[in-house]
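Q: Chains as they are written, first to last, in the numbering used here: chain A, 4 to 259; chain B, 14 to 360.
Accuracy of the hints is not assured; some may be wrong.
[Said to hold, decoys possible] Chain A stretches covered by chain B per the calculated footprint, using a threshold of three residues with CB under 8 Å from any CB of chain B: (1) 83-96; (2) 211-223.
[As the list claims (entries may be wrong)] Straight-line distance between alpha carbons at most 27 Å, and here's what the computed DSS-like set of lysine-lysine pairs gives: (3) A:Lys152 / B:Lys154; (4) B:Lys313 / A:Lys212; (5) B:Lys230 / A:Lys212; (6) A:Lys200 / A:Lys115; (7) A:Lys87 / A:Lys248; (8) B:Lys63 / B:Lys188; (9) A:Lys200 / A:Lys226; (10) B:Lys81 / B:Lys295; (11) A:Lys248 / A:Lys212; (12) A:Lys115 / B:Lys313; (13) A:Lys115 / A:Lys152; (14) A:Lys226 / A:Lys248; (15) A:Lys107 / B:Lys313; (16) A:Lys197 / A:Lys115; (17) A:Lys87 / B:Lys313; (18) A:Lys152 / B:Lys188.
Don't read these hints as lab results, they were simulated from the structure.
Beta carbons: idealized from backbone N, C-alpha and C, even for Gly.
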Amino acid sequence: MSRKKTSKSKAGSVPAASALPSPNGARPARPGTARSGHEAPPNGPQQRGRPSLGGGGDFYDVAFKVMLVGDSGVGKTCLLVRFKDGAFLAGTFISTVGIDFRNKVLDVDGMKVKLQIWDTAGQERFRSVTHAYYRDAHALLLLYDVTNKASFDNIQAWLTEIQEYAQDDVVLMLLGNKVDSAQERVVKREDGEKLAKEYGLPYMETSAKTGLNVDLAFTAIAKELKQRTMKAPSEPHFRLHDYVKQEGRGASCCQS
Amino acid sequence: MRRAERSPAPPACGLRVDPYGFERPEDFDYAAYDEFLSAYLAVLTRRALKWSRLLQGDSGLRRTATVKRYIRKGVPLEHRARVWLAVSGAQAQMEQNPGYYQRLLRGERNPELEEAIRTDLSRTFPDNVRFRKMAQPCLQKALSDVLLAYGLHNPGVGYCQGMNFIAGYLILITKSEEESFWLLDALIGRILPDYYGPAMLGLKTDQEVLAELVRVKLPAVAALLDGHGVLWTLVVSRWFICLFVDILPVEISVLQTVLRIWDCLFNEGSKIIFRVALTLIKQHEAFILEATGVPDICDKFRQITRGSFVVECHTFMQKIFSHPGSLSMTTITRLRESCRAALLAQR
């Protein structure tokens, strides 16, 4: 987790991602819940949250919950901080213990989409602590480190975990991180592509250090989630796989 | 505030890096804490005198009521390692097992364990100059050895993230790998329930125990969290796993909140964690109740671990023994049993 302080300005102005939408943007009479057994579809997005309290300026039209998962040390926190603050945490961050989150509001085709991004500890034993949160996630970014073969080999175990605890329709994307470390790379791009194809997942290689494809990964997720919610028949159908392939191409030409 | 015999602040107060390598936050407001700092330095001086006298006496460090009272008021830095070792039983273990620590490091290797530890070496106290790669000596090596030896000593636990902060902190205080190892063993093997094992059952249990205590002592806060479906893991798991290191002020020379908590933890056991948690929540009850959603609740739980209430460690430590009201070990044991049974039934 980053050592930076969370912005205080946002405190008091952020409605719960799991809160049910309520008329006139008023405070929900019955808050949503992260617990199992609740009737409300936990995967339903929150719409038109217009917080009336506080001056954080954190306005958005729709909010989604995204989780970062993958082995310890693959760069989940760094990816999040790169996306959130545009900075790379070189040697100034600590191991994430437990679970944490940050918000970022994106403009997606004229709509304000708030992503509430949950960062999790990667060590296997923490899964039993963090998987309770999978259920509410609208999207999962599953990371491995291209310089760490074990983190790639563990992807299948992560997928099993996700299958068991996440919603069936969760948006899932596979990311091979740390591609800036070309010298130390041990997982080839093709290996990642092959695995992604096998499981039908959109796939990208990223670098939290250089920023390569980081915004793209989150934007793609936001577009997919927005499209699923809005369902405007006139709009052309957004295809996550195609989008990622098309936009992420810049990545492959930077290799070698 | 406290009656302040104004003593001049030592140079350590004006430096951004304390002698133990911790940097004070850039925005640390010295003026705001001037009164506390000078008063606390007077406390430290007074306690140091009393402790010197105590340790010179014949009764030494037996766990008497006097020692307990003294420890609650803070162990002087120069005696801290000795006192922790004595009251936790680590000293006795170390004496009964001479050379054991070194033998562990020379023994059979475990690549998986080594890899798990290596991942966290540069992610432990990156703000502390003594843990940086350029430091001479760099404490990452000592940290790696202590964690490795512990993982080999207790294969049932191995290495769990969070132990890196605890071991690192012990190394800074004791300046000895072997003493850090035995203190880590005292914490993980005896003082704390199973927080760090693969199932983390002790951690999950104690989170539920805290939830139950809050339900009884601070029902409005419990209702807020329960109403929003906030699992206690989300807001307090790091408190338990890291024993407040990197959550409350960790600095060693003056802002000693975590050290003062650990003084009592080694002497009185894991109950102290509940006292600290309940005190933080109770002190900030009204503030927490302003929260309107899940992210807001999380933010508030982060904010209550900062600011003057926790910086002024001497008053804080007095409050943890008065604020939460009675908290008997019988109650904790009973709650642990029922929460543990409930968790096992859920599986």
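Q: Each hint should be assessed against the structure and marked as holding or not.
A: We went through each hint and held it up to the structure:
{"no.": "1", "hint": "83-96", "result": "holds (count 3)"}
{"no.": "2", "hint": "211-223", "result": "violated (count 0)"}
{"no.": "3", "hint": "A:Lys152 / B:Lys154", "result": "holds (25 Å)"}
{"no.": "4", "hint": "B:Lys313 / A:Lys212", "result": "violated (31 Å)"}
{"no.": "5", "hint": "B:Lys230 / A:Lys212", "result": "violated (47 Å)"}
{"no.": "6", "hint": "A:Lys200 / A:Lys115", "result": "violated (31 Å)"}
{"no.": "7", "hint": "A:Lys87 / A:Lys248", "result": "holds (23 Å)"}
{"no.": "8", "hint": "B:Lys63 / B:Lys188", "result": "holds (24 Å)"}
{"no.": "9", "hint": "A:Lys200 / A:Lys226", "result": "holds (21 Å)"}
{"no.": "10", "hint": "B:Lys81 / B:Lys295", "result": "holds (25 Å)"}
{"no.": "11", "hint": "A:Lys248 / A:Lys212", "result": "holds (21 Å)"}
{"no.": "12", "hint": "A:Lys115 / B:Lys313", "result": "holds (25 Å)"}
{"no.": "13", "hint": "A:Lys115 / A:Lys152", "result": "violated (38 Å)"}
{"no.": "14", "hint": "A:Lys226 / A:Lys248", "result": "holds (14 Å)"}
{"no.": "15", "hint": "A:Lys107 / B:Lys313", "result": "holds (19 Å)"}
{"no.": "16", "hint": "A:Lys197 / A:Lys115", "result": "violated (34 Å)"}
{"no.": "17", "hint": "A:Lys87 / B:Lys313", "result": "holds (20 Å)"}
{"no.": "18", "hint": "A:Lys152 / B:Lys188", "result": "violated (36 Å)"}
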